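As they're listed, the protein sequences go chains A and B. Here the first sequence is numbered in the numbering used here, starting from 3 and rising by one per residue. Here the second sequence is numbered in the numbering used here, starting from 62 and rising by one per residue.
One or more of the hints may lead you astray.
[As the list claims (entries may be wrong)] Where chain A lies over chain B, by a calculated footprint (3+ residues, C-beta under 8 Å):
| id | stretch |
| --- | --- |
| 1 | 69-79 |
| 2 | 108-117 |
| 3 | 125-133 |
Think of the hints as simulated: they come from the structure by calculation, not from any bench. Note that the coordinates shown come from a computational prediction; the quantities given were computed from them, not determined experimentally. Every residue gets a Cβ at the ideal spot worked out from N, C-alpha and C, and that includes glycine.
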Amino acid sequence: MDLLVDRHQGAVYRLALAILGDGDRAADATQESFIKAYRSLGDFRGDAAFGTWLLAIVRNEARAMARRDSRRRTSPLDRAAGISAGENDPVERIARGRTAERARELLARLPEKQRMAVRLRIDEGLSFREVGEVIGSSEGAARVNYHHGVRRLRELWTEKGDSE
Amino acid sequence: MRTDECARILPVLPEWLRGEMEEAEARSVEAHVAACADCGAGAELLRALAGTREEPPPGLAERIKDALRAEEKGGDPVPGTRWEWSAVVPRVAAVGAVLLLAATVLLLPGGWEGGGEAERVELALESGSEVWLSDDGFVAGAPLLGDLSEEELVAVLEEMEP
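Looking at chain B on its own, in the form it has when it is part of the complex:
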């Protein structure tokens, strides 16, 4: 049986089950639930679910408070937040590598063409790629840039700017 009364009763079943209802209204709900199989089943299910209301595990509150105190001090990493760093670090590293590349190429003695005093050091990397060493540090990708003219390099650097 589904009626307008059912539509009125179903939403207020939680309040009825908790006893948070005016007496007259509660009696009205009770009478309907007793007479209507659908609403009776709904009330039975909701009552059963209310019996499964979970409490947090012991010690969780203290764990949270400790984490908040650590957060307040701004120091200790909080367990469970490291994934955020794992997502951020590669991006920061990538941006840093691009900036280092740009800065090093521009600051190479004798200009970016760089033969100059830069010392080429070939490292046996797993990937088989080469790493170039300048006075300022490692310059990944230098062989590729070395093939460009000065105008082409300026164009590349301009494209890299945000």
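Looking at chain A on its own, in the form it has when it is part of the complex:
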């Protein structure tokens, strides 16, 4: 499993982050997802790539974690403005640029499936069919989620006048 961890931990972590909006929780969800995948290897039928199967596991794990979090405190989306593990580092924030920060903040406002579809297309380069497998929808629905997500981002961007 070591090789699989090295190969897939980034994508698994980023999807968990897109759902949970918190670096520490995303790391927990990533670890838990690998353990669940290990326990469920016998259920892996090979009709999807291992990577998308693993991403579907972390999607479920992160959603369950978000539900538990929301019962304990505020919605994970309320905490999604600063996302990365180094979010409090002012040097890093400046280096990333205002535009990138703003785009990420706007993305955090989208519905979960739109957020995942955009992130999986941009970060992991998944096809719409693969995105559908991960978010639990058809290829067409994945395409629609991506499309609506980008359009909504544009609208939010324009509303705030931050498109400079």
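Got chain A sorted already, so can you dock chain B onto it with the hints?
Only chain B this time, still in chain A's reference frame:
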């Protein structure tokens, strides 16, 4: 401006931004993005988002590998999984209590009516309820069952069976 061309371009913007596109197709996308404000804004946003691609925190891979090795050995509990046990234990305890109750009542010397040799021990519990002690252990709820006839108790036990 929203056209059929926009509908064709928007889905492939990620591939265009990553440079994973045939040259002629890339030129076509580039020309459209330069001319269309909507698609230009979309491309700018997606490029900005691509710049926020996160990497896992240092040490996460090793942490996961350690957890998997522990899982492989089948022993050590893995941090982050305890909540599952906290959800399961109360249910197991409840089922165990019912089984203990049923088994103890049936095995009481002199039958379930139980006065027999069972020794009643009243404990001062916070709830004020009573706990009955038989030779086999504690029997919670025994006073209630004690009011039932043998036929009624059999009916209750039959209802408890899955």
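Tested hints:
Requiring three or more residues with a Cβ within less than 8 Å of a Cβ of chain A, the coverage given for the stretch 69-79 of chain B holds, as 7 such residues are present. Given as covered by chain A, the stretch 108-117 of chain B passes the check, having 9 residues with a CB less than 8 Å from a CB of that chain where 3 are the minimum. Counting residues of the stretch 125-133 of chain B whose beta-carbon sits less than 8 Å from any beta-carbon of chain A gives 6, enough to reach three: the coverage restraint holds.
Hint check: no violations occur; every hint is consistent with the structure.
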